[in-house]
Amino acid sequence: MDSVAQRLSVVGAGAALELRGVTRLFGALAALTDVTITVRPGERRAVLGSNGAGKTTLFNCITGDFPPSSGTIRFFGEDITQFPPYERIRRGLRRTYQISALFPGLTVQDNVYLACRGVSRSRFSLLRPGQNDALMHATETLVQAVHLAGVKDQRVAELAHGQQRQLEIALALAGAPRFILFDEPAAGLSPTERRELIEILTSLPAHIGYIIIEHDMDVALRVVESVTMMHNGRIFKEGLPREIESDPEVQQLYLGGGHE
Amino acid sequence: MSLLQSTQFRPDPTTPTTRRALIRAWPEFQNPVAWLVALILVIMPLIANGFFLIEIFATTLILGIIALSLMFLAGYGGMVSLMQLTIAGFAGYMVAVFGVSGNANISLGWPWWLATPMALALATLFGTLGGALAVRTEGIYTIMITLAIGAAFYYFTNQNWAIFNGHTGINTVATPHFWGVDWRADIAFYYVTLGVAAICYFAVQYVSRAPFGLALQGVRDNSRRMAALGFNPNAHRIAAYAFAAFIAALGGVLQVWNYRQISPGSVSVGACIDVLIIAVVGGITRPIGPFIGALIFVLLRTFALDVLIKFGLDGNRFRLLIGLGFLAIVFWSSDGVIGLWERWRRRSASSTQRSDGGRHG
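First to last, the protein sequences are chains S and D. Residues in the first sequence are numbered from 1 upward in steps of one, following the working numbering. Residues in the second sequence are numbered from 1001 upward in steps of one, following the working numbering.
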């Protein structure tokens, strides 16, 4: 944990993300009930829980895709509860989607370019980028970082599943992210692709914190320093990865007791 | 550099980079058919008489410009707006109201170079406000709101006498004369419309691959994801309405110069729907579609009457022909005439390949 403490000292104190009493109702159904979470800047956390535990709804509340029914959300001290999603993104929040939400008719490069544009100024530019466009360079770098340089001119619809998942991550890394929400990034990946994913996640700059929803414990517990367990829309338990892993209640609930 | 070359074609990897970039940016530069069409359009006054020049080609280009504004919204933005003709008509009315016309009690008598920019600005504002209303809805409701705006404007022009001169409209609208040229003379006017149409066509083509157009297509495909990338989808939609309104307004100015009069009949609901038919028949995935649709529409409107009478039918049934053609095209090709053309070309290309393979085998 020394390296973690070291890393966290780089980014300073205060909360990157602070949820207080967040509740989200869908009609009479409470998808989230009174969720309070504090994540420090640069902290990396896994959110675990069975299907329907409210993990993705939690993400949707944080990004504003569905605003919370009650409660407050602060991002680096700023109350963003009422902000539309794009205002949150422009402040350095990012997310990926569980089911890839890409632009299938556009090329890989255009997808990444849009992501770079979205968090820059001049989103309405009528001028095509020239040879020395800074965002084009940022796009190139990002495409290489997620190992997609070989297919950058292909339409996204033609990509393999694993490549689409990597592109999904590239879109979340555009600009200057301060905090990222990864929604099951390893879903459907091969063992090799999982290793690549772990490498991408662990090599992110120290100041970038994230929350990752992941069913694959081998991925989730290797890339985080804290874990939140959710159950039926509530926080069930919080702790270090090894504490959660060995917790009998958690094993009972989530790992079905059959896990070693 | 490869910003949205996604749509159509993959350049030959052996061509040098700069040329490849040029081809990507302007795919029609590589297409001999496009050069041929451009040449024919430029020398048209040598071939065609005044009737063809104005009644067929200038009219086609004007309707094409108005339908192009719908193509931009529908094709790149996924927003079907039925008010594009209304915006054009509004611009036409403004030219008549601010400029010089036979109705001296209404027209303010401004010179054309003041009245025209004023008309363009007001019509763009009108279209932007209409768009700001329409973007709150999606799909069928966008169609309903824009249709409601079109219908409201039609009835308003019918009943308002102070500005729009009621159902008689405004007549003998003056057209520009300068540098010793009467710009409404057949040949001069043909070149004016051709020039404006070409500018609009290339502007739409260019913007579709500029960041704004790319983002608009992103909003069309997945607006929620665009918001999660930092874009404000509705702001982009409204800006698209503004851009389209300006194009429609240009068409409207040309239209009032063409007919030298404007009345509620020019902005009727039927005319609004004609623009939709033109765009859909031509194809809404490419800027060339609306012009092809407009040509088919104008040819049918002009000649179907004679053809029908020749077959002993009522000439007024030309709309029946248009309707049947519309039905057939929507039925066989969701992408209008250009969709049919592309499918035919693909099929003939693959059959050539097959016969080649046979020879080598």
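No lab work stands behind these hints, which were simulated from the structure alone. Careful, some of the hints might be misleading.
Part of the chain S face toward chain D, derived, beta carbon under 8 Å [what the hints assert, rightly or not]:
(1) I99
(2) A101
(3) R121
(4) F124
Sample of chain D residues with no beta-carbon within 12 Å of chain S, all distances over it, derived [said to hold, decoys possible]:
(5) W1113
(6) G1166
(7) Y1201
(8) V1207
(9) L1214
(10) R1317
(11) R1343
Computed footprint of chain D on chain S; a stretch qualifies when at least three of its residues, placed anywhere within it, have a C-beta under 8 Å from a C-beta of chain D [claimed, not checked]:
(12) 72-86
(13) 105-112
Glycine included, every Cβ here is placed at the ideal spot set by N, Cα and C.
The hints, checked one at a time:
{"no.": "1", "hint": "I99", "result": "violated, 11 Å"}
{"no.": "2", "hint": "A101", "result": "holds, 4 Å"}
{"no.": "3", "hint": "R121", "result": "violated, 11 Å"}
{"no.": "4", "hint": "F124", "result": "holds, 5 Å"}
{"no.": "5", "hint": "W1113", "result": "holds, 25 Å"}
{"no.": "6", "hint": "G1166", "result": "holds, 40 Å"}
{"no.": "7", "hint": "Y1201", "result": "holds, 16 Å"}
{"no.": "8", "hint": "V1207", "result": "violated, 6 Å"}
{"no.": "9", "hint": "L1214", "result": "violated, 6 Å"}
{"no.": "10", "hint": "R1317", "result": "holds, 40 Å"}
{"no.": "11", "hint": "R1343", "result": "holds, 18 Å"}
{"no.": "12", "hint": "72-86", "result": "holds (count 3)"}
{"no.": "13", "hint": "105-112", "result": "holds (count 5)"}
Hint check: violations occur at hints 1, 3, 8, 9; the rest are consistent with the structure.
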